[in-house]
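Q: Line order of the protein sequences matches chains A and B.
Residue numbers for the first sequence follow numbering that gives the first Met the number 0, so the first one is 0 and each next one is one higher.
Residue numbers for the second sequence follow numbering that gives the first Met the number 0, so the first one is 0 and each next one is one higher.
Mixed in with the good hints, there may be bad ones.
[What the hints assert, rightly or not] Which chain B residues stay away from chain A? Per the calculated CB distances, all over 12 Å, these: (1) T37; (2) R151; (3) I186; (4) V209; (5) N225; (6) I226; (7) L228; (8) L229; (9) Y298; (10) M312; (11) I313.
[Claimed, not checked] Cut-off 20 Å, straight-line C-alpha distance, at most; resulting in silico cross-link-like pairs (DMTMM-like, lysine to aspartate or glutamate): (12) K60/A - E97/A; (13) K153/A - D30/A; (14) K202/B - E97/A; (15) K132/A - D215/B; (16) K72/A - D62/B.
[To be verified] Residues from chain A that keep clear of chain B, each with C-beta distances beyond 12 Å, as calculated: (17) Q16; (18) A29; (19) L53; (20) G93; (21) S229.
These are calculated hints, taken from the structure and not from any lab test.
The beta carbon of each residue, even a glycine, is placed where N, CA and C say it ideally should be.
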Amino acid sequence: MSEAILAVSGVHTFIGQHHILQGISFEARADAVTVLLGRNGAGKSTTLKTTIGLLPAARGKIVYRGKEIQDCKPYEIAREGIGFIPEHMGIFAGLTVEENMRVAMLSEDADTHRRLERTLDMFADLRKFWRAKAGILSGGQKQMLSIARAIVNKTSLLLIDEPSKGLAPIIVDVLIDAINQIKERSVVILVEQNFYMASSVGDYFFILDDGMVVHSGEMPALIQDEALQSRYLGISKIS
Amino acid sequence: MAESVFRRFSQQITLIGAVVLFVLPLLGIPPTTYLTLTLAGLAMGMLLFLVASGVSIIFGLMDVLNFAHGSLFAWGAYVGFTVFSLLMPWVEADSLALNLAVFLVAMVTAMITVALLGILLERVIVRRVYGNHLFQILITFGATIVLVELIRVFWGPNDEVMRVPLTFRGNWDILDVIVYRYRVICIIIGLLVYGGLLLILKKTKLGTIVRAGVEDRDMVQAMGHNIYLLFTGVFAVGAALAALGGLAMSLFSLQVYPDMGGTYLLFAFIVVIIGGLGSVTGSLVGALIVGLTYNYVAYLVPWAAAGVNILIMIIILLIRPTGLFPAGE
Ligand SMILES: Nc1ncnc2c1ncn2[C@@H]1O[C@H](COP(=O)(O)OP(=O)(O)OP(=O)(O)O)[C@@H](O)[C@H]1O
Ligand SMILES: [Mg+2]
Chain A
0 MSEAILAVSG VHTFIGQHHI LQGISFEARA DAVTVLLGRN GAGKSTTLKT
50 TIGLLPAARG KIVYRGKEIQ DCKPYEIARE GIGFIPEHMG IFAGLTVEEN
100 MRVAMLSEDA DTHRRLERTL DMFADLRKFW RAKAGILSGG QKQMLSIARA
150 IVNKTSLLLI DEPSKGLAPI IVDVLIDAIN QIKERSVVIL VEQNFYMASS
200 VGDYFFILDD GMVVHSGEMP ALIQDEALQS RYLGISKIS
Chain B
0 MAESVFRRFS QQITLIGAVV LFVLPLLGIP PTTYLTLTLA GLAMGMLLFL
50 VASGVSIIFG LMDVLNFAHG SLFAWGAYVG FTVFSLLMPW VEADSLALNL
100 AVFLVAMVTA MITVALLGIL LERVIVRRVY GNHLFQILIT FGATIVLVEL
150 IRVFWGPNDE VMRVPLTFRG NWDILDVIVY RYRVICIIIG LLVYGGLLLI
200 LKKTKLGTIV RAGVEDRDMV QAMGHNIYLL FTGVFAVGAA LAALGGLAMS
250 LFSLQVYPDM GGTYLLFAFI VVIIGGLGSV TGSLVGALIV GLTYNYVAYL
300 VPWAAAGVNI LIMIIILLIR PTGLFPAGE
C-alpha cells in the first residue's frame, strides 16, 4: 500500500454553534483519486474547507505529506502545494480571465508559464475569453477557469468540490477528461454527487453522513453495491 | 414590481437623476455663480473622495466598518498643522516653490505618521474583531475617542487657524467666474490620487489581488496569498489617504479642531453608500455628487444642504441597493 499524501483523523469542525464534522477520518493515497460522497448536508464541503484551513478544526489532526497542517493558515497550506476548487468555484467575476489567472499564479517563473500554456491548451475557451470579465463566462467555462487557476501552480494535491454541479452532461464529460489528465500530475480528492462522474474518475471512496465517514472502499465495489448506493447516495434504479 | 422597473431602467433613471442634479440648479442660479459653485462642489467632492476611498476599500476588502477613519483624518490635519507651524516662513513666502515644498513636506509627514497609526490600529485593535460588525463599530468608536483625546493632549482643545500657503490663496477671475486657486489644487490632488489608485489596482499584481480580495477574501487566501498582510497594507493606505484628506480639508476650511473627523466621516459614509462599497470609481462619483449637490443646495435652499445628500442616498439605495458601482460588476 502506498503512502497517504493526506491523512485526516478524528477531525471536528464547528460552524458557529453547529457541530458539523463529528470526528471525520479518511486518507487519500498518493497514487489514486479519492472521492468523497454523501447526501446534501453530509459535511463534504466542510471537510474540504477544514482541510484547506478556511474553517478551523476544533479537534483532530490533518497530516499532509507527514506534516500537521490543522493549525496552519489557508495561505500557508496553499503554499505547501494544495489547490482548492470550491463548490461555488470562487471566480472573481469582476476580474478578467487573465487577471483571475494572474492572481492564481504564485510565481512568474518559466515553469509556471509553461503550466499556464498547457492549461490553456486544455481549456481552449479560456484563451478565447482571455480578456473578458470572468463574470460573463458560462457555468462550464467558470468551472474550467476555477480548475485552471488551481493547476497553474505546482500542486501535489487538489481538492475539488462538486465540479459537475449544474452542468450539462457534455460539459461533465469534458471535466472528466480534464480530471483524468490532471490526476497524472497531482493527487485529486474529489467531492461529487454525480455518481457517473464519481465512478468515472474515482479509485477509492469515502461516504460521509452527519459529519462522519460511514463507509469506504474501492470504487468498483461501490459500483456493484446498489443497496449501499441507494442508502447513502439516494441513487436508485428508478430515478 | 416597482423594484424590477427600477432595475430595468436604472441607467436611464441615473441619467435623469444626473441631469436633475447638475442642470436644474442652473434655473435658479446665475451662470457665473453656478460655475463658481460647481468648482467649489468639485473641490469638496475630491476631498471627500480622499476619505471615502479608504473607507470603501477597507470595507470592501476586509469587511471592516472603520469608525476611526475620521480621527485618522483629524490626525492628518494636525500633523500637517504642526509642519506648517514649524515651517511658517515657507508658508508665508511669496514663492510658489517654497509653498509647494511646505505643502509636500506636510503631506508626506502626515501621510506617513497616520499610516503608521493605521497599522497600529489594525494590528492591535481591528484584527481582533474581524467578522463582527457590532464589535468593529464599538471598538473603532472607542479608538476614535482615544485618538481625539490624544489630539487634545498634544495640540490642545481649541480650534487652530490653518494658514494657506501664500501663493495658494486668492482667486483668478476668468470671464467673471471666480476661480479660487486652492480649490483647483484640491481638484488636481483628487484626480492624481484617483489616477494613482486606479493604476495600482488595475495594473499591478498586488492591486489585482486586492480587487480579487474585495470579491472573495477566502478564495484569495486559499490561493496562497497572505490576506492579513494585505489587510494591514490596505489599512495603511486608507489611513494615509484620510490624512491627506484631513490636511487638504483643513486648508479648505482654514481651521483644525479635535472633532473635525466626525463631520466628514458622516459624509464619507454617505459617499461610500452612494458609490458602492469596495469601488474606487464609485467613491469618486459618489463624492462628486455629494460635493456638488451640497454646494448647489446650500446656495439655493441653505437649510436643506445637509439633508439633501441623505435624501440622494436613500433614492439611490431604492434604485440600486448595492450603490452605483458595486464591486465585481
Ligand atoms: N455557514 C453555515 N452555518 C450553519 N450551518 C452550516 C453552514 N455551512 C454549512 N452548514 C451546515 O453544515 C452541514 C454540512 O454542510 P456542507 O456544505 O459541508 O455539506 P455538503 O455535504 O457539502 O452538502 P452539499 O452536497 O449540499 O454541498 C449542513 O447541514 C449545513 O446546513
Ligand atoms: Mg457541498
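Q: Would you mind marking each hint as holding or not holding in the structure?
A: A quick look at each hint next to the structure:
1. T37: holds (32 Å)
2. R151: holds (40 Å)
3. I186: At roughly 28 Å from the nearest Cβ of chain A, I186/B sits farther out than 12 Å, so the non-interface label holds.
4. V209: violated (10 Å)
5. N225: violated (5 Å)
6. I226: The assertion about I226/B is violated, with a minimum of 7 Å to chain A.
7. L228: The claim is violated: L228/B sits with its nearest Cβ about 9 Å from chain A, within 12 Å.
8. L229: Check fails; 10 Å does not lie beyond 12 Å.
9. Y298: holds (38 Å)
10. M312: It holds; M312/B is separated from chain A by about 23 Å at its closest Cβ, greater than 12 Å.
11. I313: Per Cβ check, I313/B is outside 12 Å of chain A; nearest 26 Å; holds.
12. K60/A - E97/A: violated (37 Å)
13. K153/A - D30/A: This hinted pair holds, its Cα atoms lying about 17 Å apart.
14. K202/B - E97/A: With Cα atoms ~12 Å apart, K202/B and E97/A stay inside 20 Å; holds.
15. K132/A - D215/B: With a Cα-Cα distance of about 15 Å, the restraint between K132/A and D215/B holds, given a limit of 20 Å.
16. K72/A - D62/B: holds (19 Å)
17. Q16: At roughly 15 Å from the nearest Cβ of chain B, Q16/A sits farther out than 12 Å, so the non-interface label holds.
18. A29: holds (21 Å)
19. L53: At roughly 5 Å from the nearest Cβ of chain B, L53/A sits no farther out than 12 Å, so the non-interface label is violated.
20. G93: Nearest chain B Cβ is 4 Å from G93/A, so the label is violated.
21. S229: With a cut-off of 12 Å, S229/A remains clear of chain B, as the shortest Cβ separation is near 34 Å.
The earlier numbered hints that this structure contradicts are 4, 5, 6, 7, 8, 12, 19 and 20.
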